[in-house]
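Enquirer: Here is what each chain is made of, one letter per residue.
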Amino acid sequence: MIEIDNITKVYDGRPAVDSVSMTIESATITAIVGTSGSGKSTLLRMVNRLVEPTSGQVRINGEPTAGLPKNALRRRIGYAIQGHGLFPHHTVARNIGAVPRLLGWDNDKIHTRVNELLDLFSMPPDEFRDRYPAELSGGQQQRVGVARALASRPDLLLMDEPFGALDPIIRTRAQTDLHRIQRTLGSTILLVTHDMEEAIQLGDQVAVMDQGQLVQHGTPAEIITNPATEFVAEMVGGVDRPLRLLSLLSVSQILEEGAAEGEPIDEKSSLREALSVCLWSGRNAVPVERNGNPIGRVTLEAIRSRAEGTHEPG
Amino acid sequence: MSRANFLRMIVVLLLLALVLQPEWFAPIFAPFTPPGAAVIYDRTSLLSLSLSHLGIVALASVAAIVVAVLLAILVTRPQGKAFLPLSRTIANMGQTFPPVAVLALAVPMLGFGAGPTLVALFLYGILPIFENTMTGLSTLPPATMEAARGIGLSRWQRLLQVELPLALPLILTGVRLSVVIAIGTATIGSTVAAHTLGEVIIAGLLTNNTSYVLQGGLIVGLFAVLIYDALTQLEASIRKRLGVA
Ligand SMILES: Nc1ncnc2c1ncn2[C@@H]1O[C@H](COP(=O)(O)OP(=O)(O)OP(=O)(O)O)[C@@H](O)[C@H]1O
Ligand SMILES: [Mg+2]
Chain A
0 MIEIDNITKV
10 YDGRPAVDSV
20 SMTIESATIT
30 AIVGTSGSGK
40 STLLRMVNRL
50 VEPTSGQVRI
60 NGEPTAGLPK
70 NALRRRIGYA
80 IQGHGLFPHH
90 TVARNIGAVP
100 RLLGWDNDKI
110 HTRVNELLDL
120 FSMPPDEFRD
130 RYPAELSGGQ
140 QQRVGVARAL
150 ASRPDLLLMD
160 EPFGALDPII
170 RTRAQTDLHR
180 IQRTLGSTIL
190 LVTHDMEEAI
200 QLGDQVAVMD
210 QGQLVQHGTP
220 AEIITNPATE
230 FVAEMVGGVD
240 RPLRLLSLLS
250 VSQILEEGAA
260 EGEPIDEKSS
270 LREALSVCLW
280 SGRNAVPVER
290 NGNPIGRVTL
300 EAIRSRAEGT
310 HEPG
Chain B
0 MSRANFLRMI
10 VVLLLLALVL
20 QPEWFAPIFA
30 PFTPPGAAVI
40 YDRTSLLSLS
50 LSHLGIVALA
60 SVAAIVVAVL
70 LAILVTRPQG
80 KAFLPLSRTI
90 ANMGQTFPPV
100 AVLALAVPML
110 GFGAGPTLVA
120 LFLYGILPIF
130 ENTMTGLSTL
140 PPATMEAARG
150 IGLSRWQRLL
160 QVELPLALPL
170 ILTGVRLSVV
180 IAIGTATIGS
190 TVAAHTLGEV
200 IIAGLLTNNT
210 SYVLQGGLIV
220 GLFAVLIYDA
230 LTQLEASIRK
240 RLGVA
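As you go down the protein sequences, you meet chains A and B in turn. In terms of numbering that gives the first Met the number 0, the first sequence is residues 0 to 313. In terms of numbering that gives the first Met the number 0, the second sequence is residues 0 to 244.
No wet-lab data here; the hints were simulated from the structure. Among the hints, a few may not be true.
DEER-style ranges, computed between Cβ atoms [unchecked claim]:
no.: 1; chain 1: B; residue 1: 80; chain 2: A; residue 2: 227; range: 35 to 45 Å
no.: 2; chain 1: A; residue 1: 136; chain 2: B; residue 2: 220; range: 43 to 53 Å
no.: 3; chain 1: A; residue 1: 108; chain 2: B; residue 2: 76; range: 28 to 38 Å
no.: 4; chain 1: B; residue 1: 240; chain 2: A; residue 2: 136; range: 13 to 23 Å
no.: 5; chain 1: A; residue 1: 0; chain 2: B; residue 2: 76; range: 30 to 40 Å
no.: 6; chain 1: B; residue 1: 80; chain 2: A; residue 2: 24; range: 36 to 46 Å
no.: 7; chain 1: A; residue 1: 152; chain 2: B; residue 2: 224; range: 50 to 60 Å
no.: 8; chain 1: B; residue 1: 138; chain 2: A; residue 2: 69; range: 24 to 34 Å
Residues from chain B that face chain A, not an exhaustive set, calculated with beta carbons under 8 Å [what the hints assert, rightly or not]:
no.: 9; residue: 142
no.: 10; residue: 143
no.: 11; residue: 145
no.: 12; residue: 146
no.: 13; residue: 148
no.: 14; residue: 149
no.: 15; residue: 150
no.: 16; residue: 151
no.: 17; residue: 152
no.: 18; residue: 153
no.: 19; residue: 161
no.: 20; residue: 164
no.: 21; residue: 165
no.: 22; residue: 241
Every residue gets a Cβ at the ideal spot worked out from N, C-alpha and C, and that includes glycine.
Bound-form chain A, shown alone (with noise of 0.2 Å):
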């Protein structure tokens, strides 16, 4: 558990981050999101102590950071940043071996982790570990980036836009993967993005910044239905509410009994997508499968009356 206590940054005498306190579960994806200059940077470079608080408290597991070596500290939180910040003289192995080797890791531990996490992120080791960061394409530099953030299995990660650089297919693909990463080994993880879309979609929670202020802290639902203020409300964006809501809900909450025409979704799927299929083939109603098995339906109704503001999602 991370705690953040009543955490101020003052540059040049106008507070970068002023008075944010927040609570960060273990195993959880907390993104921070806000515009640019809204100190998210700021508030992350705190935890690993890249910049020093003018005033309150970072405490993990109820131990105060102020106290640590900062190297320490650092060793033990990963940090991927935008830009991946990759060594340009160093191998792909190299790279990711960074931390475990500081920690003093034997080699042929470290070996066998860059070779799991090459696997982890979909790059053969074969193929990959030999390469310079300028063999590679952006997606796999970011991915590598990601992949030394892990290499020591921190149990806490800060991630200031991982995925900023990125195109928009390669960028959906990593959040996904860095989302099955992240269930997989329980970590916790710090994520600053200024795209709410991508709040939504990786958050367990989403805390939004503006000037410096923490003005809501709340799960994406939340946040959706229920903005703290004008600025949160204009974050989310007025047309695209009822759809974003639509995209944190899954077919499986509001299936059906009974069958429908056509190609089947799977139970999985968010009502977004089902909304999506309903459209495009003209249908009032999507049959919906569970391992390839027929288990009811979802109707174009059922999805409208989720969408609606003043509904609750479930």
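Please arrange chain B with the ligands on chain A, whose structure you already have, making use of the hints.
Expert: Quick look at chain B with the ligands alone, frame taken from chain A:
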């Protein structure tokens, strides 16, 4: 063999021949020799002059590299920023001082011989290396530096494992400039009795023997070209490795 390598080989062979078998070139140099004078310089072996010339250049360059790089590291640390203007001024002064003046000033202190030349070449060599190293160390990719700090590398580890290796191509550019300047400038050292190839050129100038001047000039020039080329290639291969082509 590529065209460039073929050319390199020719130049190396030409240089070796000029140094080891200068009499082969007598027919070529003869027209530039005044009547009655020797065509080929034979007062000292050209090999010994070449080795001593290169030795002086190497010694002065190594000293210049050490001092310039240390200075550049110092002024790019947060605590050393204050020294930046001062060290710039000093390095610039070393450069603007004419080498002959350095020799003249150094002789009374160090006497005749290699000493004053070493000092002049050393002072001359600092600026290009210092400027380049400083540029290299202050224009490192920000994301890489941020990551280096963020994953918990200490200051020393960052300097040795990240900053210096990444600045290496630029440092080498400085070294290359500085070494090539030193190879040329070392010839002047002969005026204060340093054992360099300048001896051949000066003997030619004193006796109006153009063929000596040509011989000395050609050997110095070819050394400069070959060393420049070798350092350029080294730099290119490092750049390629760093993916900054
Ligand atoms: N080292 C610094 N010195 C002075 N001001 C700073 C420094 N770092 C950040 N700031 C200021 O603090 C404010 C917040 O910056 P921060 O980098 O945290 O924003 P951000 O939310 O991450 O923005 P972006 O989305 O553009 O990355 C900005 O106004 C910025 O100019
Ligand atoms: Mg930022």
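Enquirer: Checked against the structure, which of the hints given earlier come out wrong?
Expert: none
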